[in-house]
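The task is simple: from the sequences and hints, build the whole structure.
Chains as they are written, first to last, in the numbering used here: chain Y, 18 to 230; chain D, 18 to 230; chain W, 34 to 366; chain U, 34 to 366.
I should point out that these hints are in silico values taken from the structure, not numbers from a laboratory. If you're wondering where the values come from, they're calculated on a predicted model, not measured in any experiment. One should not assume that every hint holds.
Looking from chain D toward chain U, a few residues come up when the C-beta cut is under 8 Å (computed) [as the list claims (entries may be wrong)]:
#  : residue
1  : Thr43
2  : Gly50
3  : Val89
4  : Pro98
5  : Leu99
6  : Gly137
7  : Thr191
8  : Gly193
9  : Ser196
10 : Tyr197
11 : Leu198
12 : Gly199
Listed next, with one range per pair, are the computed distances between beta-carbon atoms [claimed, not checked]:
#  : chain 1 : residue 1 : chain 2 : residue 2 : range
13 : U       : Arg259    : W       : Ala284    : 50 to 60 Å
14 : W       : Gly285    : U       : Pro57     : 18 to 28 Å
15 : W       : Thr258    : U       : Ser175    : 52 to 62 Å
16 : U       : Asp58     : Y       : Ala109    : 51 to 61 Å
Glycine included, C-beta positions come from ideal geometry on N, C-alpha and C.
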Amino acid sequence: MITRDDIISWLQCYRQVVGENKDYLTQLDAAIGDADHGANMDRGFAAVLEKMPTVAAKDIGAILKMTGMTLVATVGGAGGPLYGTFFMRAGATVDGKMELSPLEFLAALEAGLAGVQQRGKATTGEKTMVDALTPACQALRRALEAGQPLSAALQQAAQAAEEGMKATIPMLATKGRASYLGERSIGHQDPGATSSYLLFRCAADCFANKNKE
Amino acid sequence: MITRDDIISWLQCYRQVVGENKDYLTQLDAAIGDADHGANMDRGFAAVLEKMPTVAAKDIGAILKMTGMTLVATVGGAGGPLYGTFFMRAGATVDGKMELSPLEFLAALEAGLAGVQQRGKATTGEKTMVDALTPACQALRRALEAGQPLSAALQQAAQAAEEGMKATIPMLATKGRASYLGERSIGHQDPGATSSYLLFRCAADCFANKNKE
Amino acid sequence: MKKLINKPEDVVVEELQGIAAAHPDLVRVHFNPNYIVRADAPIQGKVGIVSGGGSGHEPMHGGYVGMGMLDAACPGAVFTSPTPDQMFEATKAVNGGAGVLHIVKNYTGDVLNFEMAAELAQAEGIEVASVIIDDDVAVQDSLYTAGRRGVGTTVLAEKICGAAAEQGRSLQEVADLCRKVNGWGRSMGMALTSCTVPHVGKPTFDLPEDQMEIGIGIHGEPGRTRMPLKTADEITEMLALPVINDLPFKAGDTVIAMVNGMGGTPLIELYIVYRKLAEICKAHGITIARSLVGNYITSLEMAGCSITLLKADDDIIKLWDAPVKTAGLRWGA
Amino acid sequence: MKKLINKPEDVVVEELQGIAAAHPDLVRVHFNPNYIVRADAPIQGKVGIVSGGGSGHEPMHGGYVGMGMLDAACPGAVFTSPTPDQMFEATKAVNGGAGVLHIVKNYTGDVLNFEMAAELAQAEGIEVASVIIDDDVAVQDSLYTAGRRGVGTTVLAEKICGAAAEQGRSLQEVADLCRKVNGWGRSMGMALTSCTVPHVGKPTFDLPEDQMEIGIGIHGEPGRTRMPLKTADEITEMLALPVINDLPFKAGDTVIAMVNGMGGTPLIELYIVYRKLAEICKAHGITIARSLVGNYITSLEMAGCSITLLKADDDIIKLWDAPVKTAGLRWGA
Ligand SMILES: Nc1ncnc2c1ncn2[C@@H]1O[C@H](COP(=O)(O)OP(=O)(O)O)[C@@H](O)[C@H]1O
Ligand SMILES: Nc1ncnc2c1ncn2[C@@H]1O[C@H](COP(=O)(O)OP(=O)(O)O)[C@@H](O)[C@H]1O
Ligand SMILES: [Mg+2]
Ligand SMILES: [Mg+2]
Ligand SMILES: [Mg+2]
Ligand SMILES: [Mg+2]
Numbered sequence: 018m019i020t021r022d023d024i025i026s027w028l029q030c031y032r033q034v035v036g037e038n039k040d041y042l043t044q045l046d047a048a049i050g051d052a053d054h055g056a057n058m059d060r061g062f063a064a065v066l067e068k069m070p071t072v073a074a075k076d077i078g079a080i081l082k083m084t085g086m087t088l089v090a091t092v093g094g095a096g097g098p099l100y101g102t103f104f105m106r107a108g109a110t111v112d113g114k115m116e117l118s119p120l121e122f123l124a125a126l127e128a129g130l131a132g133v134q135q136r137g138k139a140t141t142g143e144k145t146m147v148d149a150l151t152p153a154c155q156a157l158r159r160a161l162e163a164g165q166p167l168s169a170a171l172q173q174a175a176q177a178a179e180e181g182m183k184a185t186i187p188m189l190a191t192k193g194r195a196s197y198l199g200e201r202s203i204g205h206q207d208p209g210a211t212s213s214y215l216l217f218r219c220a221a222d223c224f225a226n227k228n229k230e
Numbered sequence: 018m019i020t021r022d023d024i025i026s027w028l029q030c031y032r033q034v035v036g037e038n039k040d041y042l043t044q045l046d047a048a049i050g051d052a053d054h055g056a057n058m059d060r061g062f063a064a065v066l067e068k069m070p071t072v073a074a075k076d077i078g079a080i081l082k083m084t085g086m087t088l089v090a091t092v093g094g095a096g097g098p099l100y101g102t103f104f105m106r107a108g109a110t111v112d113g114k115m116e117l118s119p120l121e122f123l124a125a126l127e128a129g130l131a132g133v134q135q136r137g138k139a140t141t142g143e144k145t146m147v148d149a150l151t152p153a154c155q156a157l158r159r160a161l162e163a164g165q166p167l168s169a170a171l172q173q174a175a176q177a178a179e180e181g182m183k184a185t186i187p188m189l190a191t192k193g194r195a196s197y198l199g200e201r202s203i204g205h206q207d208p209g210a211t212s213s214y215l216l217f218r219c220a221a222d223c224f225a226n227k228n229k230e
Numbered sequence: 034m035k036k037l038i039n040k041p042e043d044v045v046v047e048e049l050q051g052i053a054a055a056h057p058d059l060v061r062v063h064f065n066p067n068y069i070v071r072a073d074a075p076i077q078g079k080v081g082i083v084s085g086g087g088s089g090h091e092p093m094h095g096g097y098v099g100m101g102m103l104d105a106a107c108p109g110a111v112f113t114s115p116t117p118d119q120m121f122e123a124t125k126a127v128n129g130g131a132g133v134l135h136i137v138k139n140y141t142g143d144v145l146n147f148e149m150a151a152e153l154a155q156a157e158g159i160e161v162a163s164v165i166i167d168d169d170v171a172v173q174d175s176l177y178t179a180g181r182r183g184v185g186t187t188v189l190a191e192k193i194c195g196a197a198a199e200q201g202r203s204l205q206e207v208a209d210l211c212r213k214v215n216g217w218g219r220s221m222g223m224a225l226t227s228c229t230v231p232h233v234g235k236p237t238f239d240l241p242e243d244q245m246e247i248g249i250g251i252h253g254e255p256g257r258t259r260m261p262l263k264t265a266d267e268i269t270e271m272l273a274l275p276v277i278n279d280l281p282f283k284a285g286d287t288v289i290a291m292v293n294g295m296g297g298t299p300l301i302e303l304y305i306v307y308r309k310l311a312e313i314c315k316a317h318g319i320t321i322a323r324s325l326v327g328n329y330i331t332s333l334e335m336a337g338c339s340i341t342l343l344k345a346d347d348d349i350i351k352l353w354d355a356p357v358k359t360a361g362l363r364w365g366a
Numbered sequence: 034m035k036k037l038i039n040k041p042e043d044v045v046v047e048e049l050q051g052i053a054a055a056h057p058d059l060v061r062v063h064f065n066p067n068y069i070v071r072a073d074a075p076i077q078g079k080v081g082i083v084s085g086g087g088s089g090h091e092p093m094h095g096g097y098v099g100m101g102m103l104d105a106a107c108p109g110a111v112f113t114s115p116t117p118d119q120m121f122e123a124t125k126a127v128n129g130g131a132g133v134l135h136i137v138k139n140y141t142g143d144v145l146n147f148e149m150a151a152e153l154a155q156a157e158g159i160e161v162a163s164v165i166i167d168d169d170v171a172v173q174d175s176l177y178t179a180g181r182r183g184v185g186t187t188v189l190a191e192k193i194c195g196a197a198a199e200q201g202r203s204l205q206e207v208a209d210l211c212r213k214v215n216g217w218g219r220s221m222g223m224a225l226t227s228c229t230v231p232h233v234g235k236p237t238f239d240l241p242e243d244q245m246e247i248g249i250g251i252h253g254e255p256g257r258t259r260m261p262l263k264t265a266d267e268i269t270e271m272l273a274l275p276v277i278n279d280l281p282f283k284a285g286d287t288v289i290a291m292v293n294g295m296g297g298t299p300l301i302e303l304y305i306v307y308r309k310l311a312e313i314c315k316a317h318g319i320t321i322a323r324s325l326v327g328n329y330i331t332s333l334e335m336a337g338c339s340i341t342l343l344k345a346d347d348d349i350i351k352l353w354d355a356p357v358k359t360a361g362l363r364w365g366a
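Dropping the structure here:
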């Protein structure tokens, strides 16, 4: 089972990884966007970690909803409402739970993805975070349904996210800021797909010892 | 005697030399001024040459006055009124003359210098054109009074102008735009002193074959 | 990075403190969440108008808060859309009972954050209408993409709708007018240099000394194409013709024309561009009834310009001429 | 050189054509000699006010021609004082029988050319008074030197004297007022970058990425000292304290404050400077009654700013608040 402490360490891990990759994400955004994705995500997750004490005794749903609301309130840009919606929707599906089965965790992530797609109206192939989130969720479902342990399943999800992220490179952007560049968006990796890959990478790393469940 | 054709070829020579030294003069002005002295002088003397046909049959006084008035009307900056006054005053002293003795030419130049000093209120040692014009006029007077031929006298005047120009390098500017720089004006050659030196250099070159007078 | 700033992270807050100190007669600045409101807000019975977006486009939007234009502006981080709480609080602060119009530039971030704010405000019983400005002809329009960016027409829409709200028109009327202005306005921009986002510390893109970017937005992003630098006349044509042909503006049309500086271009150059734009309009039989030349919607210190034409009928011209009293645009008051 | 221009030699004329096209309601532009006059000049019985100087300082001076400010402006080549025929013709064009005031910035070129123009106008029987603005505290004042430069106070003097002339004050009164404003105004400026004079094609000076120039004028010239880049707060202090100490401005004084951009600095930075200036004034007990934040007297695309404080009595404040209708400064009309 995934405990609330696991969820918190996942968010802590992600906060750190975002900090380390701030310039990298910003650089990706400079090429086809407006050079703020790294700073945005960094600001948002710093705020999430600061707010963590407010959910000290709360359930996983509360933690994830706090995460989403904090992102919405501090990030701005496209990333704020999209990642905010991701975590708020994920949280709503696991309301009141103090631990999650792998399939419950998957369901939360899938609800998050659905929220992103509903808000952003993007589908795969448009060079957005959806291109990393979608294959990641799919791979996770496939692996779990095939009976693989969570840690292995998350490794596959992270790998699928990475492939999805890389697959954005040759894409022509049709959503988000990169779409304004038209043909010039081709050849660049999408910053949001990159931060989404990192989110799954962190999950895989954090839950590496969850082999048994 | 100096004929009106000599005067015209002096001005033509100067126009060409100013054109050739436009960037040099501007560069000097960029260091301690506002990077326009070359363009200013070039614009002014191009206009003078264009107006030359209007004094086709006129006397030397008229030619010099036309030169001064044209400079006033086309140069602007400090250089415009100062060089303009120089030529207008010089012209006024030789009104109606179709040729000049060397001493008459000297008197015209001295009147021009006096005009510059009256307008600009600068004396020697202030890092301006006065620092080239003054020793040049003095050297010319000394040489002519010592009975030297015009060409030799003008060579000495040009040399004195050059020395005066170089002497502006270590000076602290107290007049003109360079004065705003305070101590930082030290170590740079004054652009106006440079253009004044070139004026005497042209006279020396143009009147080189006036040995006999 | 050469900027008159203290710390990159303090840029927006310190700017807002400066605005508060400089214009107490015009505006109040609220911090946490950050928004700028008219000093006399809310005005009972008047439609409130709220806009907002990333910072770095000054005077837009904060400079347009005041009588006859915006009731509130919500500044995000530099080039980053503000967050919903800002627009939500600003909407409450300007609601005078006649509803609130959100003027939103078409960027995914702006649209999503304003959308969330509108949902929150509506949940509290405030009537909110949202109009999206998408006037940038450099971007191909399509139902299947994010669509066109909102650029110069935003300024004109804020002025014109502000005047209409001041007249006492209803939310529906002001929103319809805003949609009309958006439908009749077209813009295109170009850059001679990139700009430097404070927290990034270096230019967003490198642009060689002999190259320019055509079809840029207002976030320091590269444009649609990079090409060798051309003369002001050629550049003006490259911007004006796509604008004219897009609506299309026709002989006999009357327009409001804006030549906008991106922040680092001196006014002397903008007038050179305006001169050519006036020639081009004349050649097309288009009458420029009113004009703006200056820095109105910028990208930090970017050098470059944009051109906006807005087809104008009598109503629009009258609303344009109505008094406006803001830090960034002022006449008749 | 990256500029929105056609040919360097056509910059000023094309800019003037642009101004003429953009503001036919405000001004007429005369070519050969070049000057900009109020559309309704000459105004019978009103003192005419003429200023001028090199181009490249836009909106100064052409942008200040109109009701309540200048009657005419004479633009020279970029950074080069205009020639006497321009001021002479402009003086004749605005003379409404009550005499003409020349507001002259203290640069040798400006002073000499205006002087010659005044002589020509006086010879034709026009009463001319000249007031020289020399407010730059970066330059040591002395009877034996060219003295201080005229910078920011010029803009304030033009506004205030323009209002006084509009009220019908006599030439003597307007000239005395102008001298008072000059006596009560002090400025200082700094640069983060150089600027590029069009016909030169490269920056006037090189300034390394980590250096700035303090005590600059408005002609792209280097300043009094070069030093490592500092924060906005430190820079504001370095400009404000010499300004405050020079007059000196004292506790209890009321001032008009201007934070002026040199052309390439975005407004967001100017407000950060204004914030600190307001703090400093407050700490000195100085009340800022009115303020201007923006590009008012520039050096082409130079990045940097200047600070101007003008001690203001009731008369000056009332004249400041009077309506003004120009391209560069407008309120109440
Ligand atoms: N409509 C959308 N749906 C899903 N993701 C989107 C959408 N628009 C943008 N994104 C994602 O957001 C990322 C940019 O985020 P960020 O830089 O924070 O916002 P902004 O573009 O407003 O500056 C893009 O790289 C892309 O992955
Ligand atoms: N008061 C003065 N008297 C004599 N010469 C002066 C004076 N002021 C300036 N100059 C000369 O003018 C030159 C600058 O001319 P120019 O660059 O054309 O004018 P500006 O300084 O107005 O740009 C200086 O190098 C100096 O020699
Ligand atoms: Mg971004
Ligand atoms: Mg010069
Ligand atoms: Mg952004
Ligand atoms: Mg000059």
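Against the structure, the hints:
no., hint, verdict
1, Thr43, "holds (6 Å)"
2, Gly50, "holds (6 Å)"
3, Val89, "holds (6 Å)"
4, Pro98, "holds (4 Å)"
5, Leu99, "holds (7 Å)"
6, Gly137, "holds (7 Å)"
7, Thr191, "holds (4 Å)"
8, Gly193, "holds (5 Å)"
9, Ser196, "holds (4 Å)"
10, Tyr197, "holds (5 Å)"
11, Leu198, "holds (7 Å)"
12, Gly199, "holds (6 Å)"
13, Arg259/U - Ala284/W: 50 to 60 Å, "holds (56 Å)"
14, Gly285/W - Pro57/U: 18 to 28 Å, "holds (20 Å)"
15, Thr258/W - Ser175/U: 52 to 62 Å, "holds (56 Å)"
16, Asp58/U - Ala109/Y: 51 to 61 Å, "holds (59 Å)"
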